[in-house]
Amino acid sequence: MPPLLEVKNLKVTFDTMAGTVKAVDGISYHIDEEEVVGLVGESGCGKSVSQMATIQLISTPPGHITGGEVIFEGQDLLKYKADSNQMRAIRGAKISMIFQEPMTSLNPVFTIGDQITETISLHLKLNHQDAKQRAIELLEQVGIPDAAMRIDNYPHQFSGGMRQRAMIAMAVSCHPKLVIADEPTTALDVTTQAQVLEVMMAMVKKIHNSLVIVTHNLGVVARYAQRIYVMYAGRIVEAGTSDDVFNNPRHPYTIALLKSVPRLDEPRGRQLVPIFGLPPNLIDMPPVCAFRTRCSLAGQCKKETDPDLRQVGDNHFVRCHIDTKGESSGIL
Amino acid sequence: MESSKNNNFLEVKNLKMYFPVTRGILRRKVGDVKAVDDVSFKIKQGETMGIVGESGCGKTTLGRCILRVYRPTAGQIIFKGQDIADIPSDKVLELRREVQLIFQDPYGSLNPRQNAGSIVGEALKIHRLSRNKEEYRNRVSDLFAMVGLDPEMANRYPHEFSGGQRQRIGIARALSCNPSFIVCDEPISALDVSIQAQIINLLQELQQKLGLTYLLIAHDLSVVRHISDTVAVMYLGHIVEITGWEELYTNPLMPYTKALLSAVPIPDPSVEKKRERIILKGDVPSPLNPPSGCPFHPRCWMAIPDCSKEVPPLRQISPGHMVACIRV
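These protein sequences, in sequence, are chains A and B. Numbering follows numbering that gives the first Met the number 0, with no gaps: position 145 of the first sequence is 144. Numbering follows numbering that gives the first Met the number 0, with no gaps: position 212 of the second sequence is 211.
Just so you know, these hints were derived from the structure itself, not from any lab. Incorrect hints may appear among the rest.
To give a feel for the contact side, a few chain B residues facing chain A, derived at Cβ under 10 Å [said to hold, decoys possible]: (1) Gly23; (2) Ile24; (3) Ile199; (4) Leu205; (5) Ile226; (6) Glu275.
Note that the Cβ used here is the ideal one computed from N, Cα and C, for glycine as well.
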């Protein structure tokens, strides 16, 4: 069965005063039907931009999608213009997005109900009454108490967790095939984060769609994702099943990320190993490994070239010259 | 001055901080937001006390009361044997030489028009801690080196630094007048994952080297576990559980603590599959209109009718383990 979404060699650049930033530099990935995929990386690694680009939400200028294919249900979405009818029929209906900050992504001058019914009446062609009824049902499903009353509230009358739940309701309102959740819980407290994620997973199970979770929180993807892509400096540096990436990480960056965070279940007293230096400037990147300057294994690496993504296991890929083994990383 | 200097470095007794809620043009007082309500705890010298809780639980207000940014409504804050809860504002300046703050947001907390050197050295001037220019310059260089920054960078402005470096400047500023106690208010939550470890390690290293005592306010329970000796869990202005870190993380008693701990994801799929998850219902109630009795009872799965009758006091369950719950 072909994957639901297949992205091939996607490239996105931004024009800035200082030069052209290669925010996404040739990434390829796929998402199968009813699959939960995690996309992990630090801020500025291109994880959000790559997701915005798949549904052409990059504003031009300054952004440009300079290459690649986004094949969804057999058609290449990049063949359509961003404002074409074809793209509009896909956005919100077949692929929808949950944004990071619910306060800034909801319009403060329209009620929650207005904003949910807008999507519903546009894509499902329901009349106002039916659309509102559907919106109330959705709000109930995501656990908003008193949904029939709260639907006429404005975003500021909702708490952070409730806003994000309203965003989930909006995202699943037209039974999309794919939901992209971009840092869905970053601004939330840990208990609210757990609530929102559970609601999101329950909705995904209910409508049998696929989900991409974009996050910097390794714990969140460990809990929910089946497959994981790790991004660094606009590229995918490691890809594999959740077990591969967490229990047998092969890229020095993935290993370093795992070693740099304290874990709730580890014996205390382990010295955290920070990653020194900063992510590289994405303008005029030299054709060498982007992680080289921060890599703890750079001394062992003799090659000056940019590594390719190579296969190291059944579904496990890594972009590194060195054959790192998980055991040598000392976290296992 | 009392002679309690040996065991208790800081003792907070029944601290209350109420913010009045006013209405109308006469600003008539109609109620109180009880941001911190009857909080008591002790910190020993050289230790780290972690305070965890959701946003709005009063953890930052508590920290600011100790720094005397606010004058508490009631209660005592005994710092090195002296009650600082009610000292006049001119004495507060003296207190600040001993008690300092590291802020959450390394972007908002540094003045963009001041260069890094003068940000770090400002307190030295205010407290007249250096006798001449040379001494001032040496001290600023020392502080830069202490937090792992190149003293050459003192002439640069905040926008020229990365987030992690800015937080280091914030730490150098807090250290400038040799404080013995530092309130760290979410010191790493605004930083990238790969940078967080650097700052955590730096805080630990400075504590060992300078014998600092920390009050660490954070919502990341794994970070609090990593560096705290004692941990207090706050909910709606109350401390609901307080004990040593090991006891709290292996034997949490208060249902809220259990829920908080189960909500923290662990970056290991095999561990995650086996974990029991407690998902709380609803949101934190408004502190303007808190529930009667135990503040947590509307969301608690163990609640019984008695829970809504009165606020449960913190009581000792085992040595050093205090819980405010009648179901324990």
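Verification of the supplied hints:
1. Gly23: It is violated, given that the least Cβ distance between Gly23 (chain B) and chain A is near 22 Å, above 10 Å.
2. Ile24: With a minimum Cβ separation of about 24 Å from chain A (threshold 10 Å), the hint on Ile24 (chain B) is violated.
3. Ile199: holds, 6 Å
4. Leu205: violated, 15 Å
5. Ile226: holds, 8 Å
6. Glu275: violated, 12 Å
In terms of the numbered hints stated before, the structure departs from hints 1, 2, 4, 6, listed from lowest to highest.
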